[in-house]
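K.L.:
Based on the hints, put chain B in the right spot on chain A.
Going down the list, the sequences are from chains A and B. With the numbering used here applied, the first sequence corresponds to residues -18 to 348, in that order. With the numbering used here applied, the second sequence corresponds to residues -18 to 348, in that order.
In short, the hints are calculated from the structure, not lab data. These numbers come from a predicted model, not from an experiment. Misleading hints may appear alongside valid ones.
Heads up, the list lumps identical chains together, so a pair's fine if it works in one copy or across two of them.
As the list claims (entries may be wrong) - Computed list of lysine to aspartate or glutamate pairs in DMTMM-like fashion (alpha-carbon distance at most 25 Å, straight line):
| # | residue 1 | residue 2 |
| --- | --- | --- |
| 1 | Lys193 | Glu97 |
| 2 | Lys31 | Asp343 |
| 3 | Lys339 | Asp89 |
| 4 | Lys327 | Glu90 |
| 5 | Lys193 | Glu141 |
| 6 | Lys202 | Glu97 |
| 7 | Lys67 | Glu334 |
| 8 | Lys146 | Asp161 |
| 9 | Lys192 | Glu141 |
| 10 | Lys288 | Asp89 |
| 11 | Lys339 | Asp24 |
| 12 | Lys339 | Asp274 |
Spelled out from the first residue to the last, the chains are:
Protein chains: 2
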Amino acid sequence: MTRIEDPRKDLRQLGDQVVKDLQAEKNPDIQLPVRALSNTFFDEKHRLIKLGDKLSHRTYLNIAHTRKFMQTLMVAAECKKLLEQKQNTTTSIRDLYYILKRTIPGTDENTFEEQEESDPVIEDIEAAMNTLREDLHLHAEQKGSLVGPLVVREPKFETESDASKLGSSGYGIPSICEPDTVQFVSNEAEFVLVVEKDAVWQRLNEDRFWKKHKCLVITGKGQPDRGTRRMINRLHNELKLPIYVVTDADVWGYYIYSVIKQGSINLSFVSDRLGTPDARFLGLVTKDVEAFDIPKNVTIKLNEGDKKRAAELLNYVWFKPKPWQDEIQHMLKVGYKLELESLSAKDIRFISEKYLPKKIKDEDFLP
Amino acid sequence: MTRIEDPRKDLRQLGDQVVKDLQAEKNPDIQLPVRALSNTFFDEKHRLIKLGDKLSHRTYLNIAHTRKFMQTLMVAAECKKLLEQKQNTTTSIRDLYYILKRTIPGTDENTFEEQEESDPVIEDIEAAMNTLREDLHLHAEQKGSLVGPLVVREPKFETESDASKLGSSGYGIPSICEPDTVQFVSNEAEFVLVVEKDAVWQRLNEDRFWKKHKCLVITGKGQPDRGTRRMINRLHNELKLPIYVVTDADVWGYYIYSVIKQGSINLSFVSDRLGTPDARFLGLVTKDVEAFDIPKNVTIKLNEGDKKRAAELLNYVWFKPKPWQDEIQHMLKVGYKLELESLSAKDIRFISEKYLPKKIKDEDFLP
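Here chain A stands alone, though its shape is the one from the complex:
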């Protein structure tokens, strides 16, 4: 996908087309890519989840569409207004919702009831305009953290931060993490470790894991947000750093890894910017229980949701490689999962002093 730096023209075109339809007394019709499993495919060449070319029509004179049609035009208009502000003003997707929420005069109907209504409309516009939320100057809550020998510049804030010198909290990865907002000044790390859990990240920071192993340690605190995924993508593509991912040994952890690696179904239109196909999976896997002699009593019995989700993962084309099929089958066979923190049951520093160094040294990865 080619990035359009300034999507104002496309936003104007969208509006012009609606006006033209109205003047011709035609039913205004906005065409939007279908963002669902049915319209995504796994691009084998780029190893990314991509958006297909199915289009849906959102028309005004269709009672099932009218509300969404209105919302789409409202969000598009507000984005255009935002782009016309001085000083590269950005706003949060929560603010956008509040700006647009109002009661339609003469009715009891609100334009939007919840932020859950406006967020998907933003994604629709991104996909339709071939643009990005970031280029619409919209941001979300800051979420991910990074620690290690990387110096980062944020021109808009006129700041330069050395991520090895920010104390216990590290560098907060900005929600908008594009080359014009976040620049890499210098780097001495040789690889990137992405850990699912904040508690593990804090352990690795406290133990100066990044210093001993010359790496950057990142956490997305659960499913990484777009800023964190974009940071991982850029560290790999611009600085050529290998990416190793560490999650819980459960279906949600494996899915988090797959999203970091090949993108998500929902945001398949930006996989090339958010996905990092060369990322590799370090652990945990259920086989670690035997391999590292982890006490069985910290394992957690699979519930029905886990089993159902595991069956789905087995069918995703990006989990087809044999090592993944083996691991997921093994999990179903032994009937348990385990969380990263369970390694603490052996020793507080087991993860930083034994588990990760051994995994990295042995190159004990899953693809």
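P.N.:
The following block gives chain B in isolation, referenced to the frame of chain A:
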């Protein structure tokens, strides 16, 4: 409360007493302060919520206590072990849960089922030992952010950070924010603005509100965690900075303010360290809708939960000052609440360029 730097002696005493009881063939009995509304009072002199002197007994030979008795000793023992580690090792309260979770041999019973079981036990030990989680070397997830002309040193991490030079994310306030872990090197701010919402904090950071108004801007992202409340307390007590709080105009926002100001019922044993009685409330209040001509359609109708909670607030002694009684009554009369982001409905920069400057200039505070 006098801070005990090293609570190992008290932890040992707790264990010794249980051993002594067992040797005397007595029912082991741990005495714990009752941490509930019934055992808290508002200390008028210090204007803080304080813990009373009611004690509860947690005995081993009482089927309703046995499990909690075991959990209490397990947590106490693990804290002692942690304090004996080299290098001031800290761990997260989530890790602690995992370290202690196991199946009791010969049974199907787990020591702990959820972290929700271990967290209150930690608080029990804090209250009983007259110590603090921070001094037990336990931390939680990092949560709050700070931006402004404050330089902070974290000796343990050998870092020094200028909170005005950390880009879009600001300085992440550590979960353990004690004078030995976080030191103030220099400060040029004249007051502190605490905002409930992250989106508002981001707006104020982007607009360099802190620069124009020579202040620090802090957000706890909802209810501030202990680290953030301790930071606010220390900025006021050590740097003599006035504290102004900005929340939604709703019962939860007002409660957040009251917790920042006089502490909480649950953590009443540390109010003097976490509360800041001199904090003042800048807004929002429901009267702002008229005063600032905020469009009515961004107000939100009170639900039954809001009304019930408002009635409770009216009865708390710390909401007895007339301006608060008036505001809560006004809210019930007009029947609506509103969120901070609703100010964006006027203009994206209304909050930073109009609302806050006017409130501060007019000293339009609630006590």
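K.L.:
For each hint, tell me whether it holds in the structure or not.
P.N.:
Hint check:
Taking identical chains as interchangeable, the C-alpha atoms of Lys193 and Glu97 are never at most 25 Å apart, the minima being 43 Å within one chain and 35 Å between chains. For the identical chains of this complex, Lys31 and Asp343 are neighbours neither inside a copy (33 Å) nor across copies (55 Å), given an alpha-carbon limit of 25 Å. Proximity of Lys339 to Asp89 under the C-alpha cut-off of 25 Å is found in neither arrangement, the shortest distances being 63 Å within a copy and 33 Å between copies. Only between protomers do Lys327 and Glu90 lie at most 25 Å apart by alpha-carbon distance; the minimum there is 20 Å, versus 57 Å within a single protomer.
Taking the shortest alpha-carbon separations for Lys193 and Glu141, both the intra-copy value of 24 Å and the inter-copy value of 21 Å come in at or below 25 Å. Within a single copy, Lys202 and Glu97 get their C-alpha atoms as close as 21 Å, and across copies as close as 19 Å, so both meet the 25 Å cut-off. Taking CA atoms no more than 25 Å apart as the test, Lys67 paired with Glu334 passes between copies only; the shortest distance there is 15 Å, against 50 Å inside one copy. Taking CA atoms no more than 25 Å apart as the test, Lys146 paired with Asp161 passes in both settings, with 23 Å inside one copy and 17 Å between copies.
Proximity of Lys192 to Glu141 under the C-alpha cut-off of 25 Å is found in both arrangements, the shortest distances being 20 Å within a copy and 17 Å between copies. For the identical chains of this complex, Lys288 and Asp89 are inter-copy neighbours only, at 22 Å across copies versus 44 Å inside a copy, given an alpha-carbon limit of 25 Å. In this assembly of identical chains, Lys339 and Asp24 lie within 25 Å of each other by CA distance neither inside one copy nor across copies; the values are 33 Å within and 56 Å between. In this assembly of identical chains, the alpha carbons of Lys339 and Asp274 lie at most 25 Å apart only when taken from the same copy (14 Å versus 63 Å across copies).
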